[in-house]
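Chains as they are written, first to last, in the working numbering: chain F, 12 to 168; chain W, 4 to 249.
This list has only true hints and no planted wrong ones.
Calculated lysine-lysine pairs in the DSSO-like style (CA-CA distance at most 27 Å, straight line):
| # | chain 1 | residue 1 | chain 2 | residue 2 |
| --- | --- | --- | --- | --- |
| 1 | F | K127 | W | K126 |
| 2 | F | K73 | W | K179 |
| 3 | F | K63 | W | K179 |
| 4 | F | K73 | W | K148 |
| 5 | F | K65 | W | K157 |
| 6 | F | K60 | W | K179 |
| 7 | F | K127 | W | K127 |
| 8 | F | K153 | W | K126 |
| 9 | F | K63 | W | K61 |
| 10 | W | K157 | W | K180 |
| 11 | W | K157 | F | K73 |
| 12 | F | K73 | F | K60 |
| 13 | W | K157 | F | K114 |
| 14 | F | K65 | W | K177 |
| 15 | F | K63 | W | K110 |
| 16 | W | K35 | W | K15 |
| 17 | F | K65 | W | K156 |
| 18 | F | K60 | W | K61 |
| 19 | F | K127 | W | K110 |
| 20 | F | K114 | W | K156 |
| 21 | W | K177 | F | K60 |
| 22 | F | K127 | W | K137 |
| 23 | F | K140 | F | K103 |
| 24 | F | K63 | W | K177 |
A few chain F residues facing chain W, derived, Cβ under 10 Å:
| # | residue |
| --- | --- |
| 25 | S54 |
| 26 | I55 |
| 27 | I61 |
| 28 | N64 |
| 29 | T115 |
| 30 | Y116 |
| 31 | F122 |
Hints listed in this document are in silico derivations from the structure and should not be mistaken for laboratory results. Bear in mind that the values here come from a model prediction, so they are computed numbers and not experimental data. Quick reminder that beta carbons are idealized off the backbone N, C-alpha and C, glycines included.
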Amino acid sequence: MNDLKYTNVNSRIFSNEYDIRNKSIFFIPRETDAKGSIVYLQSIHSFSKILKNKGFECVYEKGDNVSYLEQHSVDVFLPTIAILLDFYLENKDVINLIIESVKTYISSVSFPKDEKVNVRFGIEMVDKKNNTATKINYDGPKEGIDEVRKCIKELKK
Amino acid sequence: MTIKEIKTLYEKTMGEAINYLTFCRDISLQKKEIDELEKNVRIFKNFKWQANRDKQEKLSNLFFGCHNYLNSVKNCIESIVLLKENQPERAWDKLMNAEVFYSWASKVNDCLLNEFCLMDYMKKMEELLFPHFKVYSSLGFTTTKGDCSVCSKKIDECEHIEGNIYSGFACFEKNKKVLDIDHSALVENPRDRRCVPIEISENGKMINYFTLKEMRDLNEKEKEECAKGHLQAKWAMMHFEELDIN
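Bound conformation, chain F alone:
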């Protein structure tokens, strides 16, 4: 999973250009370059629709300067997501719902013959004021994702 980096484009997303109070989920581009080109993962299209179905609007750049990275390995890559504290405090179940969306996405793009589907992701809570970060990593079968919820409860405290 990409590090949470506040690159130029992310600064723009978090700036006044978007009404971030009413929006919810931000997709962090995989990379940006000096010319302003932005690269997202190709999975962003369907993943954002799944999140939308769960009631969340996703914010990401859609202009002509955007391209999408497609990786032809059997692995499925999902975009890095950022959630602001204000939104999180009003929607405490958001992380659970994102995890649920990951499961939905993986079920959609995998085939019944794919015997074993493993999932790997990290959740990082960054407190910029106190300069601290708490991180949860998961690496295991998709059925085990539910177990992560218990850890998330700890993270919320």
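The hints should help you fit chain W onto chain F, whose structure is shown.
Relative to chain F, chain W alone:
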């Protein structure tokens, strides 16, 4: 036609087609069967369109499963024919296509997949008729935004989710333009198993990986590289062909 008649047609078509999956069948009969399957794929697509028009989602999905399953068997027979015609690379591609068609068909619940275990048969074909591939190539590349295969709108302008089947039509992103290659890798588990080595260097020659036939002598530069312990290889890096899933 009634549903019962359609089911009978499907079972009859499958029963006949499976008979030609046996390697030793006459090649001209196998080719004839391929034409027959092509015709039946079109027929079942037409059934799907009719069911779709009548807003019968479950039936549309069922016919989607049927034409993809028929296409899977057709590609298997084509693979055998191509092996007989000494075109193993193309035969491998066809077998991999067959797997893709089968995978889509198997997404449909209650699909008339037939008692014949096609997936097991394909696995056996792979093991017995083709070389073992330890690694495959896997490219990462950037593209423009494509269109939705279900509604033809831009992929981010509709509600369809990739990998799902909507009234007999699979959702995937099509008409993308490749902008740049980001990386290439050799992986054990690629998404596209058609990306295999075609020729590799051995004893100063390029050898066909499938047939072991000597293709050409290495040039001086290639020989120098081999002397340093590097392998020369000709590899199928990427297939841009979009399969006729819908």
